[in-house]
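Asker: Here is how the chains run, residue by residue.
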Amino acid sequence: MTKIIDEAEVVIIGGGIMGCSTAYQLAKAGMQVTLVERDTICSGATARTGGAVRQQWRGPNELVLAMESVKLWKNLDEELDCDTEYTQGGHFFVLDSEQEVEQFREIHEFQRQHGLECEILEPSEVQKICPILKPNFVAVSHCPTDGHANPFRTTHGFAIAAARLGARIMTGTEVKSIAHDHDEIESVTTSRGTIRTGKIVNAAGPWSMQIGHVLGLEIPVKPSKQQQIITEPLPPVVEQFVTRLSIGLYFRQCKSGSLQIGLHLDPFGLWRETLEEGYSLPEAEAETLDHISTFNPLREIPKRFLDAVTMPVLGECSAIRTWPGLYAMTPDLEPLLGEVPSLKGFYLVTGFSGRGYALGPIVGKLMAELIVTGKTSIPLDKLSVTRFDSASPAES
Amino acid sequence: MDKEVVICRCEEVTRAQIEEAIERGLCTPRDIKQWTRAGMGLCQGCTCRSLICQIVAEKLALEVSEVSPLTFRPPVRHIKLKELAGLGGNDK
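Protein sequence lines correspond, in order, to chains S and E. Each number in my numbering comes from the position in the first sequence (counting from 1) with 899 added on. Each number in my numbering comes from the position in the second sequence (counting from 1) with 1205 added on.
None of these hints come from the bench; they were simulated from the model. Don't be surprised by glycine CBs; every beta carbon is placed ideally from N, CA and C. Accuracy of the hints is not assured; some may be wrong.
With a Cα cut of at most 27 Å, we get these calculated DSSO-like pairs of lysine-lysine [to be verified]:
id, chain 1, residue 1, chain 2, residue 2
1, S, K1202, S, K927
2, S, K1274, S, K1243
3, S, K973, S, K1274
4, E, K1287, S, K1027
5, S, K1243, S, K1202
6, E, K1287, S, K1202
7, S, K1274, S, K1098
8, S, K1075, S, K1098
9, E, K1287, S, K1154
10, E, K1208, S, K1154
11, S, K1243, S, K1098
12, S, K1243, S, K1075
13, S, K1202, S, K1154
14, E, K1208, S, K1033
15, S, K902, S, K1154
To give a feel for the contact side, a few chain E residues facing chain S, derived at Cβ under 7 Å [claimed, not checked]:
id, residue
16, D1236
17, P1274
18, R1278
19, L1286
20, G1291
For reference, chain S alone in the conformation it holds in the complex:
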């Protein structure tokens, strides 16, 4: 056993939005919490997200979480004493077929039952409020209370506020092993030494299955790649977060004025294919973030973007940076939240399948409730890992 460097009531693994939000809420509740992060705060999946704070187009379990999260987002700047650049400019799903419109009409009905108002807009109506969109679509699904924010500012904001409340944030600290006596956690050993603890939160996103492997636990999460481009700053051209599922494109204009444009290769379809083939993960691809070599997303992003917008002058604006990012996909695209029944004190906060960022504030709050009181103000049992068979008990 390596040197004992710390003792904590809870150790959180992962310095993304989920880990930092949970650390903040636990520290606020008076728990002694240490967060370990292999790299720096906000260096993995959260650093590469599109930044959407979206409620529409979610399953029943997530919809409730997203709506509660938006309530927290509204006061987050004040709570964290940090400008998260949160804006409620609306979210457009650009729909390219009557079939898609019909699907969204059904989704709206279901969302309305939960109190979320959305509308279907005709191209002529869209033109009035978002002239940048070329009217080459059938309709748009609009949720006016959706929006976006700055992932860096949000995540660091949570980490700084957590530290202010006494949380210990250890970056450059990689988890090597986890010790448990039968079904109870005892300690976590990192590259910098051992931390004694009774509770561990696995918030390692697309790398959370690797943390599971340390324990001999199969966590049903698989990474899926997306690619993004950011442009030089422009005057305001679009207020909404825009998603076009039929071509995998999404974009927003950041507070700085830059357009952030992303593309994913139908991660949902990709996942199902892989699932049918058996459960083999391309580990090497997860490491290098190099996914499908026959595809050239850096060329496809501006091509698809320029085809979707009215202003040819946008072709003249420059891309200044590009990066790939990973989603943490689960087989049913819903997250894994809660304690692993076979291992007391081991909690999962992962598998958000590309839709987690918006949920960060509420999930941190609920995880803190669960860890401190054993109960949550919104039921999370349907998001337990027990819904899959693959979460096999740890061998002690």
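Given the structure of chain S, go ahead and fit chain E onto it with the hints provided.
Answerer: Using the frame of chain S, we list chain E on its own:
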């Protein structure tokens, strides 16, 4: 060095702002960039990346070689969207 000197010209970030970030506990150039936008602008840190490393080293009593610099990512020089899309310009 003068506190009000601009370190990142693209995003107009001063030395004082970078020092304030370090005092908040943001201790690598990547943390500082994400918090202050220093190095996030048009030139992607071409000018300020080494200055940020120097300030971090100075404030945290490290050697400059111990500070991880900002990562480079494509494109090396900025490129118009239409060129990247292969729709003209210098694409050929």
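Asker: Does each hint hold? Answer for all of them.
Answerer: Right, here's what the structure says about each hint:
Annotation: proposed proximity of S:K1202 to S:K927 is violated, straight-line Cα distance about 47 Å (limit 27 Å). Taking the CA atoms of S:K1274 and S:K1243, the gap is near 15 Å; set against the 27 Å cutoff, the hint holds. Taking the CA atoms of S:K973 and S:K1274, the gap is near 25 Å; set against the 27 Å cutoff, the hint holds. Among the hinted pairs, E:K1287 with S:K1027 is consistent with the structure: their alpha-carbon atoms are about 26 Å apart, no more than 27 Å.
Between S:K1243 and S:K1202 the CA atoms are separated by roughly 50 Å; this puts the pair beyond 27 Å, and the hint is violated. Distance restraint check for E:K1287 and S:K1202: the Cα-Cα separation of roughly 7 Å lies within the 27 Å cut-off, and the hinted pair is therefore satisfied. A hinted pair counts as satisfied when its Cα atoms are at most 27 Å apart, and S:K1274 with S:K1098 qualifies at roughly 16 Å. Using a Cα cut-off of 27 Å, the hinted pair S:K1075 and S:K1098 holds, with the two alpha carbons roughly 16 Å apart.
A threshold of 27 Å between alpha carbons decides the hint, and for E:K1287 with S:K1154 the separation of about 23 Å falls inside it, so the pair holds. Distance hint between E:K1208 and S:K1154 is fulfilled; the C-alpha atoms sit about 26 Å from each other, no more than 27 Å. For the proposed pair S:K1243 and S:K1098, the alpha carbon gap of about 8 Å is at most 27 Å, so the pair holds. Among the hinted pairs, S:K1243 with S:K1075 is consistent with the structure: their alpha-carbon atoms are about 20 Å apart, no more than 27 Å.
With a C-alpha separation of about 24 Å, the suggested pairing of S:K1202 with S:K1154 holds against the 27 Å cut-off. Only pairs whose Cα atoms come within 27 Å are accepted, and E:K1208 paired with S:K1033 is rejected, the gap being roughly 47 Å. The hinted pair formed by S:K902 and S:K1154 fails the criterion: a straight-line CA distance of about 45 Å is larger than 27 Å. Checking E:D1236 against chain S by beta carbon gives a least distance of about 6 Å; that is within 7 Å, so the hint holds.
A cut of 7 Å between beta carbons decides the hint on E:P1274: the least distance to chain S is about 13 Å, and the hint is violated. Against a cut-off of 7 Å between C-beta atoms, the interface hint on E:R1278 holds, since the closest Cβ of chain S lies about 5 Å away. Checking E:L1286 against chain S: minimum C-beta separation of about 4 Å stays under 7 Å; hint holds. For E:G1291, the suggested interface contact is upheld, since its CB lies about 6 Å from the closest CB of chain S, less than 7 Å.
Of the hints listed earlier, those the structure fails to meet are numbers 1, 5, 14, 15, 17, in rising order.
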